[in-house]
Every structure is written in C-alpha cells, then in structure tokens.
Amino acid sequence: MNTALRTPRVAGLGALALVLALAPLSFPNAYFYDVAVNALFNAIVCVGLNLLIGYGGQISLGHAGFFALGAYGSAILTTRFGLPPLAAMLASAAAVGLLAFAVGRPILRLKGHYLAMATLGIGIIIHIVLKTESWLTGGPDGMGVDPFRVAGLEVAGDRMWYWVAAALLLLAVWVALNLIDSPLGRALRAVHGSETGAEVVGVDTGRYKMLVFVVSAVFASLVGSLFAHKNGFITPDIGSFFRSIELVTMVVLGGMASTFGAVLGAFILTLLPQLLAAFEDYEAMVLGAIMMGTMIFMPKGLLPSLALLLARRKGGEARP
Amino acid sequence: MRAFVKWGVAALAAMTAGLGAGAAPAAEPVKIGAFLSVTGPASFLGEPEKKTLEMYVGRLNKEGGVEGRKIELVIYDDAGAPDKAATFAKRLIQNDGVDLIIGGTTTGTSMAAIKVIEPAAVPFISLAGGIDIVEPVKKWVFKTPHTDRMAAEKVFADMKKRGITKVAMISEDAGFGKSGHDQSLKVAPLYGIEIVADEVYSPKDPDVTAQLTKIKNTPGVQAVFNFGFGQGPAIVTKNFKQIGMSVPFYQSHGVASKKYIELSGDASEGVRLPAAGLVVAEQLPATDPQKPVVTAFKKDYETAFKSEVSTFAGHAYDGLQMALAAIKRAGSTDKAKVRDEIEKTSGYVGTGGLVSMSPTDHMGLSHAAFHMVEIRKGDWLLSD
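Residue numbers (the numbering used here), protein chains in the order written: chain Z, 1 to 320; chain P, 1001 to 1384.
None of these hints come from the bench; they were simulated from the model. For every residue, glycine included, the Cβ atom is placed at its ideal position computed from N, Cα and C.
For each label pair, taking beta carbons as the anchor points, the in silico distance ranges come out as: (1) Z/I128 - P/K1258: 30 to 36 Å; (2) P/G1378 - Z/L136: 40 to 46 Å; (3) Z/K314 - P/D1334: 58 to 64 Å; (4) Z/E154 - P/N1217: 50 to 56 Å; (5) P/G1192 - Z/P84: 48 to 54 Å; (6) Z/L309 - P/G1068: 53 to 59 Å.
Below, simulated DSSO-like cross-link-like pairs (lysine-lysine); rule was C-alpha separation at most 30 Å, straight line: (7) P/K1138 - P/K1328; (8) P/K1186 - P/K1115; (9) Z/K131 - P/K1238; (10) P/K1062 - P/K1298; (11) P/K1214 - Z/K131; (12) Z/K131 - P/K1216; (13) P/K1291 - P/K1377; (14) P/K1204 - Z/K131; (15) P/K1062 - P/K1051; (16) Z/K131 - P/K1138; (17) P/K1186 - P/K1138; (18) P/K1115 - Z/K131; (19) P/K1241 - Z/K131; (20) P/K1161 - P/K1186; (21) P/K1291 - P/K1062; (22) Z/K131 - P/K1186.
These stretches of chain P come out as covered by chain Z in the derived footprint (C-beta under 8 Å, 3 or more residues): (23) 1071 to 1083; (24) 1109 to 1122; (25) 1173 to 1179.
Full structure from sequences and hints, please.
Here it is as structure tokens:
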C-alpha cells in the first residue's frame, strides 16, 4: 500500500540533502535565499502535518494558529520578558503542545472529522486574540522580533538561515520517517486503514491520534518561533484561516502519506507564487488552474501519482 | 523510492532553474520600485497611485527619460498586508536591485517595509499618512502626504471655531486609523476639546452600528470624528445616517477621494474633512501657488483615466517628482547622493502643498496647504 515505507530511508534523505546542498548554486541573489528559507519552513510544518493527515487520517484546519502561537510566543517572551530565544522557543512549543493535548483529548475519542471542526475554531480564536490584544501583540500592525541568538552566536542573514533551515528539515524528515516506521507508525496506519479494525486488534486509537496531533502542532510551533526570529516582524495574518488551508493544500498536493511528497508540496506552493508574480493579475487564476489540474489528474498527490506513473511505464518491474 | 527521488530532483532542478532565469542582470535604466495596495481594503488609495506612477513614467520615457536614461518601474501589489509589503520590499531591493522605492499605500505596510528598507540603505518615499513613518526621523525614509497629527489639528481647530468641545471618536484599530487616533488624543486638549467617547472598528468590519449606537447614547456628544481610510469610513458614514445621528460629522484626509462619496452615497452630505488642494483645484483662489500644479495634474489624470482625481494619486505624483528631481540634482542614482538630495528638497510645489524638507523634517509640508472641505451634493466644497 505504501511504497515510500519499504524503501531505505537513507536514499531519500541523502537525495534531499543533496538537493538542499546544491540548490544555492542556482540562487542568483539574496532574495532567493529568503524565498528558499520560507519554503523550507513550510516544508517542516508540512512534514509534521502530513503525519496527522496522511497517517493519522485526521485534518487540522488550525495549524497556522499553532504556527502563529509559536511565533508570537517567541516574540513576546524575548522582547517583553527578556527570555533567551531558545528558551522562549521551547516554552512556546511546550505551551502549544499542551493546548493541542487539551483540544485533542476529548475530540480524538470520537470518530470522524470532529478534529477538523475543533481546530478550525481554535485557529480562528487564536487569530482573533492576536489581532485584538494589541497591548501584548501589537494588534493588526504586528510586532518586531529580535534576531535568534544562542550561546552568543547570532543567526543572521538569509544565507545562514538557509543552512539552519535545511538542516532542520532533514532532521524533521528523519524524525518523521522513524516515527512512521516505529510501532506508533504501524498503529497509525492501521487506524487510517480501518479504525474499528485497529481497535479490534488492540490499538489504542485515541491515544495514537492524540500523540501525532500534538507532535504536528509542536512542529508548527517550533517553526513559527524560528520564522518570527528570521523575519524580524510578524503580523496576526500568519495565523489566518487561509494560511491553515494553504498548509493542508501543500500536504494534499504533494501527496498524502508521503513525507517527501509533503516536502515537495510545500516547495511548490511556496515557490509557485513567486514565479507567477510575472502574471500579475492572473496569478491567482493560474495557481488555481494548476491546483485543479493536479487534483483531477493526480488525486493521490504529485509524488505518489508520479511514482505510480513511472512504475507503470517500467512494466511494473519497479513496483515493489 | 529511487523513482521518487529522481522525480523529486528533476522537479526541483526545473524549479530552481526557472527561478534563476527570471532574474535579469542589472541594466542601464533608472530603476524605481513600488509596492502599493492595489487590491484589498485600501485599493481606492493604491490603485490611483499605481495608475499615476505608470502614466508619468510612460510619459517621461517617451520624452527620453531622466538624465538620458530610461526609467524602469517595478510595481508589486501588497493587498494592504504588512507582511507582504515587507517581502516585496525585500524583493525590490535584493532581486530587482531598484535605486529607489516609492510606496507603502498604508501606514501599516510602510512601517513593515521600513524594517527591511532602512538597514538596506535605499531611499524610500512613503505615500502613507501616519506620523510614525517620519517621526522619529529615519535616515532613508521620507513621505509625501500630510500627517495624521496635522489632520487632527486641522479638524480640532475647525471644531473650536464652531464652538464644539465634546467629541466622540471612532477609529480604525490598525495602521493609519490607530496612529491617527493616538495623535488625536494627544492634541485634543490643546484645542480645548474633550474626547467623551472612543470606539474602534476593524477595516474589514461590514457594520459598525454597535459602536455608533454607543456613541449616540453617550450624553453631550457635539460632534463625531472618524479616523480611517479605505472602505471603513464609508461604512461608518452610512451607519451614522442609518441610525439617525445628526451631529456634525468629521473625517480625516484618509477619505479624500470621490470613491468615498460614491460608497457612502447621500450619507456623506455635510461631512467635513481636511484635504489637500488637489480635490478642490478649481475652487482655489488664483493667487494660490499650488493652483497651476494641481489643475494641470487633475487634467492629466482625468483625461487619461476618465475618472475623478483623488489626493492619493497626488501623493504618488509628488513622490515620483521629488524622487526624479533628486536624481537629476545628484546626477546619478548613487543611493546616498539621492537620499541627500531628497532631504534637500526645498520649495517644491506639489499636489500636497509646498514641500521643504530638512534633516529633521522628512515630510516638509506645513499646515498652509491643508484645506477644510465639506461634502455638498456629492462634491467637494472648499470651506476654508
């Protein structure tokens, strides 16, 4: 059922590392580093979100909210309370993890897509709070954030951020692949396949869904913190409902239940608007057409569909 | 898996190659970058700004450009979102390599972009009203419109003349409206004015009846002052009429566009606001030094676009003219030299008024060019 699973992890990771290492050679100027860092950040969030959507079989419509909480948590704790960035980042992530736990616990005991509704609400509440509590968050005008410093070292400039983000993406992919291959991953796939079936064979479905939901929220929060430090300026719109949808779209476009697919989806949807900026007024239309085409002709997502296509052409010989 | 990887690599390579091909090497023309809110809640400010820049750059290029060099204009639409504005500012500087940046339709987008522009040392002329943009003075940042504080002062002076002392404020919760609100509270006591009610709304709110009802029920309110721009004030004006309020109603210069009158319909009758001379060009006395400039610009704009000119188009015009004059005086597009020359702008007669900048004043406008205007039968009437 799942091809990505049975292949050596090392090959995929190695290829991703190679791509990340070589990509800067084609960057003509610093702006491309900036775009690339954003793509990498999105990719990390999507790798986390893919665990939930692709393996847990649940949809979260509030991940931008967790991302924004991480960003604002870091921003507020460092600028207003003088906490070191690393501590602020971990504190925010812990808080987001707790929040996800509190939200997920009652809901994930239910079957069906109740989580989508709950996270939709949470995301919107977070967005509204960030927008209206201007004494703390600066309101819709946003707030400034200091650079990321750890042990006297400052992460500064888009080039340095690129390498940091690339390393973190590799780490995130490695964690995700290991998680999928662990007993937890197998339990999750069983849940995705048939929840009742999984329960019958003794899988504590609620607990596993819970765990993966918390992990994906923490991923989003950590990246949110880094994003805040890197950008130096954040507005509540990073936590808008639209952003949540965008993240889900990245995962679905790249290919659900495929970690590398999630990465690819994040890269494409971050870079595409940049390329399409040349179309000016038609940008949204072209983007929409691409999305629709993909969904109609490749309903499984880009990477799995392409792999299937390739396998078929080779006469099934490459098919494991 | 190998298949996955191959495809992944190919797709990524194609993507990065595509990105790489998009960037052209720096060429001869003078490159002016702009990020404007062409769409979104501030579109009736940003759109005329974009059209104005395009029209004048096109015309100048036909006449041979500036200093014998063509002008290349790069415009991005930030849709009024501060984070997008900051990204586009970065793109203009790092990817497009512009010599100068005009833009920031709103105070929010300008402030966000300044965080990127100031460290990159590129001259920047903002088209937004907030006083925070030029106060404290930032080395590379200038702006063309009157500040929110000047608008508040002008409005309060007018109220004082009419014997109004108790005023209710309703303002937008972000950017220009918020900054204007804060400035209003600061200067109100100087004119003997007491703010007896203070309400806010969000630019995308479809209805503000609740806030206005609260104001209506506040005892002693003699006038209402709305600080905001874009569609918000039009909604406030409509609701104001709908709930049957009849006290004098004031707006800021953030609505000095025919679009505002169109959007609010009959409800705008009798609204008073401070505005630059441009909207009442024909009514200005012949002795006004601004008269020839504003009538010429009004004619240019209205013949080209068949729609009525707004002060926002004027802000863009002023920004472009001052930038080009500075480039001419500097004799090059050397960023530091151009910046110095913009700061030396003196006696420039623009649509906003007489501009004389200095190292301590990066806007250079005085109160003199601000007129009190009243809306009568869907048109502007110069009242002072």
